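Each chain, written out:
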Amino acid sequence: MWRYSRINDLDLEEFTPVADAPSTTTVPPAVQGLLEAVGERAGLVLCMNGRIAAVEAVGRGVELGSACEAADGEELLGRADAPSDAFGHLNAAFLTDAVLVRVPAGVAVERPVVVVHWVDADGGAVFPHTVVQAGEASEVTVVDVMASADVRALVAPVVALDAHPAANLRYLNVQELGTRVWQLAYQGSRVDRDATLHSSMVALGGEYARVRADSRLVGQGGTSNLLAVYFGDAHQMHDFRTMQDHDAPKTTSDLLFKGAVEDTAESVYTGLIRVKKGAAGTRAFQTNRNLVLSDGAAANSVPNLEIEENDVSCSHASAVGPIDEEQRYYLEARGIPTEAAERLITLGFFDDVLERVPVPGLRAPLRDAVAAKLDRRQS
Amino acid sequence: MTSVLRIDDLHARITGREILRGISLEVRSGEVHAVMGPNGSGKSTLSHVLMGHPEYEVTSGSVTIDGTELLGLPTWQRAQAGLFLAMQYPIEVPGVSLEDALEESFAAAGKSRAEVRERLLVEAGRIGFDERFLRRAMNVDLSGGEKKRNETLQLGVLRPRFAVLDEIDSGLDVDALRMVSRRIEAETSENALGVLAITHYNRLLHELKPDVVHVLSGGRIVATGGPELALELERTGYAGYGEAEQQNESRPLVQDPFADPLA
Numbered sequence: 000m001w002r003y004s005r006i007n008d009l010d011l012e013e014f015t016p017v018a019d020a021p022s023t024t025t026v027p028p029a030v031q032g033l034l035e036a037v038g039e040r041a042g043l044v045l046c047m048n049g050r051i052a053a054v055e056a057v058g059r060g061v062e063l064g065s066a067c068e069a070a071d072g073e074e075l076l077g078r079a080d081a082p083s084d085a086f087g088h089l090n091a092a093f094l095t096d097a098v099l100v101r102v103p104a105g106v107a108v109e110r111p112v113v114v115v116h117w118v119d120a121d122g123g124a125v126f127p128h129t130v131v132q133a134g135e136a137s138e139v140t141v142v143d144v145m146a147s148a149d150v151r152a153l154v155a156p157v158v159a160l161d162a163h164p165a166a167n168l169r170y171l172n173v174q175e176l177g178t179r180v181w182q183l184a185y186q187g188s189r190v191d192r193d194a195t196l197h198s199s200m201v202a203l204g205g206e207y208a209r210v211r212a213d214s215r216l217v218g219q220g221g222t223s224n225l226l227a228v229y230f231g232d233a234h235q236m237h238d239f240r241t242m243q244d245h246d247a248p249k250t251t252s253d254l255l256f257k258g259a260v261e262d263t264a265e266s267v268y269t270g271l272i273r274v275k276k277g278a279a280g281t282r283a284f285q286t287n288r289n290l291v292l293s294d295g296a297a298a299n300s301v302p303n304l305e306i307e308e309n310d311v312s313c314s315h316a317s318a319v320g321p322i323d324e325e326q327r328y329y330l331e332a333r334g335i336p337t338e339a340a341e342r343l344i345t346l347g348f349f350d351d352v353l354e355r356v357p358v359p360g361l362r363a364p365l366r367d368a369v370a371a372k373l374d375r376r377q378s
Numbered sequence: 000m001t002s003v004l005r006i007d008d009l010h011a012r013i014t015g016r017e018i019l020r021g022i023s024l025e026v027r028s029g030e031v032h033a034v035m036g037p038n039g040s041g042k043s044t045l046s047h048v049l050m051g052h053p054e055y056e057v058t059s060g061s062v063t064i065d066g067t068e069l070l071g072l073p074t075w076q077r078a079q080a081g082l083f084l085a086m087q088y089p090i091e092v093p094g095v096s097l098e099d100a101l102e103e104s105f106a107a108a109g110k111s112r113a114e115v116r117e118r119l120l121v122e123a124g125r126i127g128f129d130e131r132f133l134r135r136a137m138n139v140d141l142s143g144g145e146k147k148r149n150e151t152l153q154l155g156v157l158r159p160r161f162a163v164l165d166e167i168d169s170g171l172d173v174d175a176l177r178m179v180s181r182r183i184e185a186e187t188s189e190n191a192l193g194v195l196a197i198t199h200y201n202r203l204l205h206e207l208k209p210d211v212v213h214v215l216s217g218g219r220i221v222a223t224g225g226p227e228l229a230l231e232l233e234r235t236g237y238a239g240y241g242e243a244e245q246q247n248e249s250r251p252l253v254q255d256p257f258a259d260p261l262a
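Chains as they are written, first to last, in numbering that gives the first Met the number 0: chain A, 0 to 378; chain B, 0 to 262.
So that you can see chain B by itself, here it is in the shape it has in the complex:
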């Protein structure tokens, strides 16, 4: 069965400032879409608005999975409707184990709590996530890379229909990035997961091949194309995409500190 995640003319703001200014796109089961853009273009806002973060206010538009409107639903019901968000900065929840948490999710879905442990062990093996982390409190004392593996692990256990990956590549070394990407790619082919991968850099897209690439700038999608668009961005940067450069002040281009000053 093919499902569709449909975002239609989505506008949203935070503390009165409009960040998303009319986003429309459609992801189908099994597809990988990349959303690329400079810092400040609204990438992380998009991921949190889709999941229903309480700080963001949607002013208009619609987000549906197979026709079911998500925007009026609390976050947990969006997740139960099949949406997953792998967060850029996973939150530490002291004293709450991964297993206890996922059991609650399974129970709410009417699935057996007893399934969780076995699924966790299988998934931990698939992405090389040390089993001793499974008993630890959620994200507590995990490194940045381990947190991203933990997000991927939960994706594997929960088997959503659509996953938004918010900068899942940040904090991962090359080997971990490859393992995480393979796991997600397998999910797209085995279980027809649809993916919306939000990323600043191209690194992820060398591992997780996108079918469609969108460029987000100033809260709008300013270009959509095939994988070749990501390659073009790699060569030219975001310079060609309007006002984005001005919003990029917070992270200046890194210059080679060892460059020959006389060259």
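So here's chain A without its partners, still in its complex pose:
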């Protein structure tokens, strides 16, 4: 589970859990641009160093606030199926607050709900926890922003996404942590009967940023679409461990993770499709593609299948390589300078994932954030 990671470089003694109450209730300027791009929203929760600092009300009975204060708080916090590794335990032990986004059965929330996690405690260890409950036949889009000031910090977030029967849950995680922050994240999702989960991650920040994402399909006819864009530069490392866990008949999972590394950055993708006995009629797909843009950069990709059922349709594909020479030649033959051609090809490479980001207003700023990394390339 930790192969290829940098976990041995981590010194937990460096970090102290943050005990202070939030010092402000306003959204930090660094995140304002993204908020504006989201446009009109259904609500906002701001968390500072893992504590809820502000909640902006929503209408139509949507519950937004602290999961710890909810009547069924304890049960909610157990929903993540939190990992049994050290960081899952740490999150449980040091949990200070948990964000709850709950949509009642039958309610369609048209505008996105935004959760902002901001970290600015130098030397701090922060344990954010977010619970999203999409009730039966409900519909909601949640934008979860994980960002920080330029501090040295450890962030170990847990996200629990729960799509009840026939719900349509769209979740976008934008990770723009500073380049001295370590992230060890766990994202657990449960997809019930005939529900659809659409989860996108855009990971651009962090020094070492790991996400373990487990999607469990527990009800017949459930669908899980899992997408990610990640792009590391300088000495960053992005590390993804995914699991598509089919535990019910006629379930579908479709994973597309695309990454790029430049300078001396590294990335890891390992994924497992698991089809349990009885999950007949499962369709499961897993694709991981990586662009290596500098000689000193490296990407690892390890897809896996574990299938205990016969009646299934599964595939996995993985690729790691530099920019395609023929594509570059073709664009150059139109008079496009080499660097501009490579920029177009790299942005184009991410296009099919960014085009599927569930909040259209965010596509352009996220594309720009990717372009800004390319422009900083130390060739």
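There may be inaccurate statements among the hints.
Unchecked claim - Residues from chain B shown here face chain A by an in silico Cβ test under 8 Å; the list is partial: (1) Gln79; (2) Ile90; (3) Leu101; (4) Tyr240.
No lab work stands behind these hints: they were computed from the structure.
This structure is a prediction, so every number in the text was calculated from the model and none was measured.
Backbone N, C-alpha and C define an ideal beta-carbon position, used for all residues, glycine too.
Keeping the supplied structure of chain A fixed, place chain B upon it in accordance with the hints.
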């Protein structure tokens, strides 16, 4: 102003094998030259060597536009110097739109990016290229014929001084071939485009009338003449041009499968 594309004693190889063995020819503004030859004679190599494909190695010779040597330049600078290559197999570039790409080319030339859209619409209209293709990723999900129209469209927008057309006729039906040929011919008269049309078959040359025809065989130009040379080739094939026949093994002459075996 008359420009000259001059190829002088060009030798080139790929993976150590010499493919071009001393090619010389000269194309002037407004002229249409055809380079004909059997498969394996070096036609496609010539087009990629002119454009600077990284897999080919030039061992000697020179290629100039109005005295500017192209061979030391990266591909994009050759294009900016006025050379265009319509590729036999246009490459798919996922996620990159035609408009974004051509804007980068315009920007590199110091021209306004804003001009691209209007030029694209005008050119699409001239060759009957569906506007919905303009928003698609470059060559992705286009048929063979649509890709060739796309090459012609880009030629029209970029307005090069010289265009190398590598088998632009392959994959085009009769109507599309006529439209593409007319567009290129118009460019030769309106903007004095010089053309080097590389083709295996005569079909293109019925539409795009050449001033000069060269026959390429075994990496050399073995004959040069007027349009009548193309007609002669149509009658006699490449049989009279030396070793070419042996290199033609990969594509045997198609025999009529419905011919009467007793005839």
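These are the hints, each one checked on the structure:
Checking Gln79 (chain B) against chain A by beta carbon gives a least distance of about 5 Å; that is within 8 Å, so the hint holds. Taking 8 Å as the C-beta cut-off, the interface hint given for Ile90 (chain B) holds, the closest approach to chain A being about 4 Å. The closest approach between the C-beta of Leu101 (chain B) and any C-beta of chain A is roughly 7 Å, which is under the 8 Å cut-off, so the hint is satisfied. Annotation: interface hint on Tyr240 (chain B) violated; nearest CB of chain A at approximately 30 Å, more than 8 Å.
The structure fails to meet hint 4 from the earlier list, while all remaining hints are met.
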